[in-house]
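Peer 1: From just these sequences and the hints, can you work out the full model?
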Amino acid sequence: MKENKKRFLKGGLGQLTIPVIAVALLVIFNLIRDPGFFSISITHNNYGNAVLAGNLISIINGASELAILAIGMTLVTAATKGQDISVGAAAAIAGSVFVKVLKSASSISVGTVILAFLCAAVVAMLFGAFNGTLVAVFGIQPMIATLILYTCGRSIAYWINGGATPTVESPIISAIGSFAPGIPIPMPVIIVIVVTILFKLLFHFTSLEILTQSVGINQSAARLNGINTTFIKLLSFILLGVCVAVSGCIGVSRLGLINHETLLLDVEMDAILAVAIGGNSLGGGKFKISGSIIGAYVIQMLTITLYAMKVSSTDVKAYKAIVIVLLVVIGSPVVKQRFQKFMGNLKKGKSETKGVEGA
Amino acid sequence: MKFFKNKRKEPLTDTQLLMTITICIFVAMYLLAMLLLQGGFLHAQQIFDLLNDNASLIIVSCGLTIVMIGGGIDISVGAVTSLVTMSSILYLNGGGNVFMSVLLSLGIGLAFGLVHGFLISYLEIQPFIVTLAGMFFARGMTTILSVNPQKIDNEAFNAVRESKIEIPWLGYVAKNGNLVPARMELGVVIALVCVALVFVLLKFLKPGRNLYAMGGNQTSALMLGINVKRTRFMSYIISGVLSGISGFVLMLHTGAGNATNAAGMEMNAIASSIIGGTLLTGGVGNVIGTFFGTLTLTTIKKIVVSSGLKDPWWQSITTGGMLCFFILLQSIVLSRRNKK
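Just so you know, the sequences run in chain order Y and E.
Mapping of the first sequence onto the numbering used here: residues 1 to 359, in sequence order.
Mapping of the second sequence onto the numbering used here: residues 1 to 340, in sequence order.
Quick caveat, the hints were computed from the structure, so don't treat them as lab data.
In this text the structure is predicted, and so the values were computed from the model without any measurement.
One or more of the hints may lead you astray.
As the list claims (entries may be wrong) - Per label pair, the in silico range of CB-to-CB distance: (1) E:149 / Y:138: 41 to 47 Å; (2) Y:336 / E:335: 34 to 40 Å; (3) Y:310 / E:42: 34 to 40 Å.
Cβ coordinates follow ideal geometry from the N, Cα and C atoms, glycine included.
Peer 2: The structure is reproduced here in structure tokens:
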């Protein structure tokens, strides 16, 4: 995360003002409350590996699924001006397929895990394509189109494994969910880094980023310029499907079982929140993947901070809500304008506030 | 009179067309259920059961329709409903009186509406995020109030709860020869009054018409001299108050407070509004359609259960399928109309 921060400071804060302020506030708050909050220690886990432990590690580790989903959600938000609320349900489906394939194999090797993941990814991409078709071809608003899968997704997941919550026991699966032998960094964190790099490469070698932005900013203008808007929208949903499959498989590997009711429960709301905290407009257009990823870590840091303050897991939501409201009020264009008038032209970059109309 | 004459000549508006489709499908579905499944569907009580069970959903959907016509969204409604039931029950069990508990319910709803409305219309924050925060806050507060389910223990309230409206001529003769009258709970009356009030607001009153104008095109509404901010503020306040009422009605129905009360209600309410022909983009919608949308949504669940598909996952899969059908239908109908 430190690495991220440096990069942003160099490139100017811009839309990353809110997430960076949020991270800074949380870090300062935690340091005042408990100076040793971010200390990292090395312990040995059950398998005898030397692994890193500490609050910072659990924050970065715990936010992995959310961060991956936030990447895909940013793309969908930017291209379609709406959000996919079915990611939790789709992740449950992907996880169920993952477990189903692993269960049907006689023994679990690296090959079968990769095969299972590929199957899960294909299924998740198909469901993504379903959502994408409704949005791109039929012109239905994303939130409504994905409401269908949100309603019935977990039931489909239930049906895949015949209603049971099967467990998978394998050193490979537990390595994916926690620590691989010899590597002190949690495996999910490495997966997040890999996925982020893959997306960065995708944006670097293709013009997907600018195409997505132009579709989100003005669809008809984009079409007149020869951009296949339908395809771009569909593609954003399919890419989200890949992200969903990755996070679903991480979620399954963490516990070593699939519970279709609770796997990544309510993650869709957190993912959308991560996108918004990252300074991206929920009304589409310009986006920054890095903002959404920091947004995901902000949410997790907030949660861990609250846990450390002995807030029970069910009550966390209420405090989370207060912090969210504070953050968005600070980031709101009206407040920013007032602040700017008050402070004069201290920061010129701030005036580029985005449109406010949400979905 | 001139007003009506002019109106007749016009073809159906989008709002009316979508609503008509919903009502037709609901009637067809119910008649089909009567023919094929028979059983409970032949009794009038079935309709009243639907209403009794879903009075609070109907109320919440009305509020959501208003917000959606204005081009916004409110996903906090279910959580606020849950918070209202929990806090009112704790208040009543602590020896409070019924009238004050009504005020408490309205007050909580109003408070949420005020905060949401202020943040969304005057600070211009995205409605999804604001109401998401509201949802988190209400759910969190509910568990802070009590993690354990609470049962109502207040005589005056139970008396109100037990009072049901009986309609003898719609009843049926039971096997032992007694006449069982159709029973309707108090909550249904409240729900129907809410539907009627919202209908009048949207159809005949100035704020309602402003709301359609604002949802259709905000810039033109602004140029017409409509106070867009105040109209939006109002829509969230109404939605909040209706969530408060819905919480009270849910309490009347279940008589218990539970942290998982009204779970997923916001999505059911959104689905009801959509089935009823409200578009999330704003400017199109009708509360009567929403009312039938709720009935359609709940009838399909009832049909699934009574046709022997008892597995819990059948309900949500058929609901999803039906949603898909309605959404596609609307999209096709609207795009064909636009082409003409």
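Peer 1: For every hint, state whether the structure bears it out.
Peer 2: Structure-based check of all given hints:
1. Our hint of 41 to 47 Å for residue 149 (chain E) and residue 138 (chain Y) holds, since their Cβ atoms are close to 43 Å apart.
2. Checking the proposed 34 to 40 Å range against residue 336 (chain Y) and residue 335 (chain E) shows it holds: the Cβ atoms sit about 39 Å from each other.
3. Distance hint for residue 310 (chain Y) and residue 42 (chain E): a CB-CB separation of about 57 Å, inconsistent with the stated range 34 to 40 Å.
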